[in-house]
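S.K.: Take a look at the letters that make up each chain.
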Amino acid sequence: DAGVIQSPRHEVTEMGQEVTLRCKPISGHDYLFWYRQTMMRGLELLIYFNNNVPIDDSGMPEDRFSAKMPNASFSTLKIQPSEPRDSAVYFCATGTSAIPQQFFGPGTRLTVL
Amino acid sequence: RKEVEQDPGPFNVPEGATVAFNCTYSNSASQSFFWYRQDCRKEPKLLMSVYSSGNEDGRFTAQLNRASQYISLLIRDSKLSDSATYLCVAWGHFGNEKLTFGTGTRLTIIP
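Sequence lines, in order, name chains W and D. Residue numbers are given in my numbering: position 24 of the first sequence equals residue 24, and the series is strictly consecutive. Residue numbers are given in my numbering: position 68 of the second sequence equals residue 68, and the series is strictly consecutive.
In short, the hints are calculated from the structure, not lab data. Errors might be hidden in some of the hints.
Simulated crosslink set (EDC-like; lysine to aspartate or glutamate; CA at most 20 Å straight-line) [stated by the list, open to error]:
1. D:Lys2 x W:Glu83
2. D:Lys2 x W:Asp57
3. W:Lys68 x W:Asp57
Make the full structure from the sequences, and use the hints.
M.R.: Structure, rendered in structure tokens:
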């Protein structure tokens, strides 16, 4: 079974541009989490979904960030407009309601110039 | 104060030595605890769960002290391949599925 799939793996963009990060969860997992990781702040939870419904978006830094989960097999995290301080590694992770373990994707390394 | 606090290190330890990491958590309602391992430029992966009675997995031993809100990880006979960042993680309860991660402790095993 494939793990969590994220794309792109690397993204370099200029300030002000729109960035869309994509995630395909493990089949059958009903929870999906978006995290951001930086050296300064570590791993931060941005938002999570249960059965495609956003449950907690309190970690989303500001209105420039939005996330959607239109179906059980796809989610996006969008930044518009992007800023240099958004540079980080963005991880998608999924899990089930049966156990609290989360499985992480390989991450998208975002650089905003 | 962060919900999960760890010494960031780095810990530089000779191969074969025993190394211990500690972690404290502030939310007494936390139900479950884990250690995740993250290799350089990779994603975090579950290393082991932490039980109140203490648990072992090969060279790794995890311990939980609920009274002191303290979690530990012991690595015996350390290998070069143990070099990584170790993340202490707390989990709340069913219905609130968030994991709270510490910032991690960086370990380097020296040949």
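S.K.: Of the numbered hints stated previously, which ones are contradicted by the structure, given in increasing order?
M.R.: 1
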